[in-house]
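**Q** The lines below spell out each chain.
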Amino acid sequence: MLDNTADAQKTPLVKVDNLKMYFPIYKGVFRRQVGEVKAVDDISFEIFEGETLGLVGESGCGKSSAGRAVLRLYDITDGSIVVNGHDISTSHGDNLRKLRPEMQMIFQDPQASLNPRMSVAAIIAEPLDEHQSLTKKARMERVFELMDAVGLSRDFAKRFPHEFSGGQRQRIGIARALALNPKFIVCDEPIAALDVSIQAQVVNLLEDLQDKLGLTYLFISHDLSMVRHLATRVAVMYLGKIVELAPRDLLYSDPQHPYTQALLSAVPEADPTVESSRTRIILEGDVPSPTNPPSGCNFSTRCPKVMDICKIDTPEFKQLKDGRHVACHLMK
Amino acid sequence: MRMKSILIGAAAALALAPAANAGRGDAGHVNIIYWQAASILNPFLSGGTKDVESSSMVIEPLARYDENGNMVPWLVTEIPTVANGGVSEDLTSITWKISPGILWSDGSPFTSADVVFTADYCMDETGGCQQLAKFSDVTNVEALDDLTVKVTFGKPKPFPYGPFVGGESPIIQKAQFADCMGAKAPECTEQNFGPHGTGPFRVTEFRANDVISMEANPHYRDPNKPAFATLTFKGGGDAAAAARSVLETAEFDYAWNLQIDPAILTQMAGAGKGTVVSAFGTGVERMMVNLTNPDAALGDKRSTVEGGPHPFLTDAAVRRALSIAIDRNTLAEVGYGAAGKATCNVLPAPAIYASTANDECLVQDIAKANAILDEAGWAVGSDGVRAKDGVRLSILYQTSTNAVRQDTQALVKQWWSEIGVETELKNISASVFFGGDQSSPDTFQKHFSDIEMYTNLFNGTDPEAYMNSWTCAEIPNPGNNWLGSNMPRYCNPAYDALSAELSGTADIDERARIAKAMNDMLMQEGAMIPLVHRGRVSAHSNTLGGVVLNTWDSELWNVADWTRN
Amino acid sequence: MLNYTIRRLLFTIPTLLFISFIIFLLLDLAPNDPTGNLPMTITPDVREKIRESLGLGQPIHIRYFKWCVQFFVNEPLNIVEQYFDITIGQGDRLRVSSWSTRSPVGDLIAERMPQTLWVVGMSYVIGILIAVPIGVYSAYRQYSWFDQTGTFVSMVGFSVPTFFTGVLMIVIFSVYLGWFPSKYDTLHVVTDWESFVFQVRQSIMPVSVLALFNASTISRFMRASMLDNLNQDYVRTARAKGMTERIVVLVHVLRNSLIPVVTVIALGIPQVFGGAIITEQVFSINGLGALLIQGIQGADIPLVQTLTFIFAVLIVFFNLIADILYGILDPRIRYD
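Residue numbers (my numbering), protein chains in the order written: chain A, 1 to 332; chain B, 1 to 565; chain C, 1 to 336.
Check each hint, because a few of them may be wrong.
[Claimed, not checked] Far from chain C, by Cβ distances over 10 angstroms, these chain A residues were calculated:
#: 1; residue: 15
#: 2; residue: 27
#: 3; residue: 167
#: 4; residue: 192
#: 5; residue: 197
#: 6; residue: 199
#: 7; residue: 210
#: 8; residue: 229
#: 9; residue: 232
#: 10; residue: 256
#: 11; residue: 281
#: 12; residue: 293
#: 13; residue: 309
#: 14; residue: 312
#: 15; residue: 317
#: 16; residue: 321
[Said to hold, decoys possible] Distance windows between CB atoms, simulated:
#: 17; chain 1: B; residue 1: 136; chain 2: C; residue 2: 62; range: 29 to 37 angstroms
#: 18; chain 1: B; residue 1: 309; chain 2: C; residue 2: 62; range: 36 to 44 angstroms
#: 19; chain 1: A; residue 1: 153; chain 2: C; residue 2: 156; range: 50 to 58 angstroms
#: 20; chain 1: C; residue 1: 192; chain 2: B; residue 2: 543; range: 22 to 30 angstroms
#: 21; chain 1: A; residue 1: 153; chain 2: C; residue 2: 2; range: 27 to 35 angstroms
#: 22; chain 1: C; residue 1: 171; chain 2: A; residue 2: 20; range: 56 to 64 angstroms
#: 23; chain 1: B; residue 1: 521; chain 2: C; residue 2: 73; range: 56 to 64 angstroms
#: 24; chain 1: B; residue 1: 84; chain 2: C; residue 2: 73; range: 54 to 62 angstroms
[Said to hold, decoys possible] According to the in silico footprint, chain B covers these stretches of chain C (three or more CB under 8 angstroms from chain B):
#: 25; region: 20-33
#: 26; region: 42-52
#: 27; region: 103-116
#: 28; region: 183-190
#: 29; region: 276-287
#: 30; region: 295-302
Just so you know, the hints here were simulated from the structure itself, not pulled from any lab data. Backbone N, C-alpha and C fix where the C-beta goes; we use that ideal spot for every residue, glycine too.
Starting from the given sequences, assemble the full structure and let the hints guide the process.
**A** Listed below in structure tokens is the structure:
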């Protein structure tokens with residue numbers, strides 16, 4: 001378990017401050033901008049080398065947008081992102097491209113994220129051509145090495161993505177991400193589209209690779225038990241904001257934010273005695289639209305413990321004594 | 001600038017003129033555009049004007065008509081007449097004397113055998129010869145010697161100039177077409193596309209429905225003609241584009257048959273590059289009145305004499321009123337411009353045949369038309385349509401699909417509504433209307449309407465066959481597969497008698513008197529309502545000289561005399 | 001793939017026979033007459049003789065059978081004979097002959113093919129060459145001024161009829177400026193640089209009129225297909241790999257977007273052979289389109305029958321080509 005002192009000793013590999021990602025909305029004959037979707041609205045976190053930061057939240061909360069924004073697959077609205085000492089928040093074009101090898105992404109849909117007209121070898125080798133100058137033989141060697149690493153038979157190199165099963169495709173996606181020896185990988189719901197039986201294999205692969213290669217993960221998922229299994233620390237997002245960020249065990253055993261509590265109360269327990277005493281907190285109403293979030297605390301419309309102040313002031317994202325960060329007016 | 005270019009042009013013309021037209025081929029190249037392309041150069045297999053006229057530069061008849069409708073000897077020494085002994089006293093034979101020394105374009109001599117062969121070729125039963133009518137009543141064509149041909153008819157022919165006269169009846173070479181008789185005629189593509197001829201040009205390349213290349217015939221009888229060494233006869237596009245290419249862009253030297261809006265033509269001519277020429281032949285846009293009952297309820301007897309008379313068009317008063325309610329001058333001006341003039345005759349030309357007895361209709365008189373109808377007892381009903389004894393004056397008026405004709409229909413409908421006549425308009429695609437499909441109810445021969453409108457004409461100058469169209473025997477009916485040209489179903493023994501008299505008369509003045517009488521009878525009895533005497537409009541470049549527009553023969557009849565100014 | 005192709009080809013035989021019969025029946029039932037356009041001076045009984053000489057008196061099934069023999073047996077044999085310069089059996093075989101020109105339809109088509117392929121084919125190629133980059137860039141910069149202009153121009157391109165644009169061009173470039181000839185010279189032969197320049201000059205107007213139309217259609221397909229692909233996950237993957245924008249767009253997106261466009265292009269090729277009826281008329285190109293329309297107007301049944309049937313064959317054939325191309329280009333598609 002990590003605490004404050006440990007944080008201070010380690011250097012963060014990724015440092016995100018006040019990241020905002022707003023998507024404009026155009027309407028009408030002249031396509032004027034009529035508003036914006038605040039997909040990511042002022043979030044800050046750090047990820048330390050070798051750790052896995054879990055990012056959880058329900059669908060549409062902005063976690064995938066956050067993951068893509070961190071890797072600068074979007075042009076961000078505001079904030080700063082520092083990866084391995086490079087501030088990439090304002091980098092563009094070639095400058096940004098040169099930094100790509102350090103940070104990679106594994107996508108949710110292994111089918112859609114692989115170019116259907118490229119063979120496995122071509123998919124894996126393409127970034128090598130772009131960023132390294134290898135001989136043809138060395139490049140092929142590297143491709144085979146990566147295929148071995150993710151558990152794909154070398155015979156499959158000439159095949160096309162559609163000829164594989166979902167789990168195999170995700171292995172291709174992982175091999176591709178690893179090709180340039182990245183330090184930091186954003187895993188955007190990498191197992192959501194897979195069968196349950198395959199999920200475990202892929203998760204184990206990710207863990208093995210982390211051990212072997214010392215990777216740092218931002219693991220985005222809506223699957224709380226999988227995150228509990230993998231993550232070192234966990235951040236909970238609601239409507240574009242991080243509401244709670246805490247070391248894993250602390251968060252799962254003693255959630256502080258009412259939203260985290262509600263979320264965790266929905267997770268079934270393996271232990272029947274605990275399971276029978278589990279009381280679910282049912283949230284009323286729907287998630288408000290990110291185009292027009294409520295004033296004050298974003299969660300105020302549904303919070304079971306809502307107070308008057310919640311509807312007026314946005315709660316600060318504060319660090320508590322036990323090292324966790326929570327954004328809630330209940331925390332003093 | 002303009003003055004300068006005119007001066008330079010004039011100077012250049014002066015400098016070049018004497019040299020340019022000195023001898024054969026000196027004038028270079030000439031471009032002719034016919035917006036309907038030639039399909040074949042054998043007028044016996046295609047009677048289309050484009051085919052007849054394009055081939056007229058290559059193959060020639062024994063005699064032609066000039067621009068005034070007079071016959072001129074072409075490949076013969078003189079026009080045979082009774083007076084010079086060329087036509088027998090009993091009018092049953094005609095003897096042509098071929099000019100000596102005429103050569104085919106392949107260098108072989110032109111002889112009477114070729115003329116005899118041409119007659120055999122066209123009169124072959126299985127050949128489907130499209131000019132067969134030219135040979136009607138011919139019983140024998142024989143060569144008396146190498147340069148003399150005698151044509152014998154089965155009955156007296158006061159006008160024996162059908163075979164071998166005019167663009168539709170040229171002579172083809174026996175040596176070339178010998179294997180193309182009868183059923184084999186259509187298979188002789190090479191011959192049909194490149195006939196040897198005696199004309200000023202010969203074919204170098206023929207592309208069906210597209211373009212013909214020709215060059216001066218080296219064996220042409222006049223060593224100094226034609227002035228042009230080569231010639232392109234281009235087809236395709238439409239009349240407006242053809243006019244533009246002569247009058248505005250000057251890419252072509254001659255454009256044929258420019259039936260377009262007269263205002264547009266005038267505007268194009270304003271560019272100063274070409275000249276619009278027009279001439280009047282025998283064409284008359286006319287209405288055919290149906291004197292029989294076209295009621296669909298009659299079934300097979302519809303529009304036949306057996307079906308009974310028309311419910312109201314048999315009333316002469318109605319026909320006269322319909323005729324004088326029409327403003328023919330407006331129709332001519334709107335639809336035809338320089339190529340049309342009002343007429344009250346179905347036989348408006350040549351001049352000796354033109355009657356003046358019917359000129360009442362030249363001036364529109366709605367009031368008089370109304371008065372005539374009132375007097376005849378046709379009273380205006382509550383719906384504004386005249387009726388008598390329960391019969392309403394409601395007319396179905398059909399014609400072929402054509403912008404000018406539809407304009408005419410609309411105008412006429414308006415005028416007739418002013419005299420209390422209701423008109424329903426109908427137009428039919430030309431290929432259906434003029435086609436002979438037995439199964440179609442919309443052919444002009446069936447005439448399943450009250451009034452139909454189209455243009456008819458006759459070739460050459462002799463109206464006998466044309467005037468015979470309205471004898472009793474010519475009435476189309478199911479018995480003769482609707483083949484017949486008497487569309488009004490007009491039947492008058494007096495008229496038939498005149499027709500018989502005409503066919504037995506050789507004297508030209510006497511023939512003119514009879515033809516006029518026939519015309520007047522048709523007009524006064526109202527079997528037809530003539531509207532517009534239609535001429536031909538063509539255009540030539542200002543640099544092209546020698547053009548003489550001829551409506552009695554091929555427009556290209558004197559292409560040998562064309563020069564470059 | 002081979003089995004699939006063979007199976008498809010076998011299926012086309014009954015289809016095409018059926019099509020040929022339907023065409024024949026339709027043409028026969030149409031109230032049209034080959035003597036309808038002849039001058040009025042040709043008398044009705046002569047017309048009747050002409051019709052008989054054309055074989056119109058025979059019953060329809062005999063005429064259809066004759067056409068089939070001529071088209072499927074005599075014409076191919078004739079081609080073989082001409083090509084290899086040999087004689088098979090009796091050399092004298094009845095070919096499909098046009099009624100208006102009395103010459104073999106095959107020769108007419110062969111004569112007109114060059115100008116149609118040159119003008120219409122060229123306009124198709126140029127149309128594609130213009131359309132693909134425009135479609136790609138319009139999609140890449142969706143809603144930019146370039147895209148908006150492209151949308152407007154292609155709307156104009158396929159909504160303004162070619163008889164208008166064609167005549168407009170003639171009035172501007174032939175009448176006022178005098179740069180290009182208004183009539184196409186089909187006899188022109190390219191032998192040297194000068195004659196080539198003339199060929200280009202006389203082709204510019206018809207080719208650009210048609211190319212505008214083709215480019216309008218294809219650029220819309222290209223744009224739509226690009227837009228479909230630009231938002232795909234694999235494009236994001238390519239960007240995440242750190243590929244340059246050029247490679248992302250031209251290699252990843254364009255290659256995938258071209259799959260449907262290539263099939264649309266393949267399906268459009270029969271139209272090239274069909275010629276451009278109106279444009280050919282406007283510029284007097286007298287290609288296959290003009291041949292067809294003249295045949296229709298003149299009720300030249302053998303000509304129209306043969307031409308429409310050849311178009312039917314081409315359409316069926318290029319449908320097959322499009323399907324096979326799809327299979328080759330898209331590894332996800334497998335036949336059999």
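**Q** Hints first: check each against the structure and report whether it holds.
**A** Each hint tested on the structure:
1. 15: 20 angstroms, holds
2. 27: Nearest chain C Cβ is 12 angstroms from residue 27/A, so the label holds.
3. 167: 17 angstroms, holds
4. 192: 13 angstroms, holds
5. 197: The claim stands: residue 197/A keeps its Cβ more than 10 angstroms from every Cβ of chain C (closest is about 24 angstroms).
6. 199: 19 angstroms, holds
7. 210: 19 angstroms, holds
8. 229: Given a closest Cβ separation of 25 angstroms, the condition holds.
9. 232: 24 angstroms, holds
10. 256: Its Cβ never comes within 10 angstroms of chain C, the nearest being 35 angstroms, so this holds.
11. 281: Its Cβ never comes within 10 angstroms of chain C, the nearest being 35 angstroms, so this holds.
12. 293: 26 angstroms, holds
13. 309: Label holds. Min Cβ-Cβ 41 angstroms, cutoff 10 angstroms.
14. 312: 39 angstroms, holds
15. 317: 28 angstroms, holds
16. 321: Label holds. Min Cβ-Cβ 39 angstroms, cutoff 10 angstroms.
17. 136/B x 62/C: 29 to 37 angstroms: Because 32 angstroms falls inside the window, the suggested range holds.
18. 309/B x 62/C: 36 to 44 angstroms: 43 angstroms, holds
19. 153/A x 156/C: 50 to 58 angstroms: 56 angstroms, holds
20. 192/C x 543/B: 22 to 30 angstroms: 28 angstroms, holds
21. 153/A x 2/C: 27 to 35 angstroms: 29 angstroms, holds
22. 171/C x 20/A: 56 to 64 angstroms: 59 angstroms, holds
23. 521/B x 73/C: 56 to 64 angstroms: At 59 angstroms between Cβs, range holds.
24. 84/B x 73/C: 54 to 62 angstroms: Holds: the Cβ-Cβ distance is about 59 angstroms, inside 54 to 62 angstroms.
25. 20-33: With 3 residues in contact (Cβ-Cβ under 8 angstroms with chain B), the coverage given for the region 20-33 of chain C holds.
26. 42-52: With 11 residues closer than 8 angstroms to chain B, the region 42-52 of chain C meets the three-residue bar; holds.
27. 103-116: Coverage by chain B holds here, the residue count being 6 at a Cβ distance below 8 angstroms.
28. 183-190: holds (count 4)
29. 276-287: Contact hint for the region 276-287 of chain C vs chain B: holds, 7 residues under 8 angstroms.
30. 295-302: holds (count 3)
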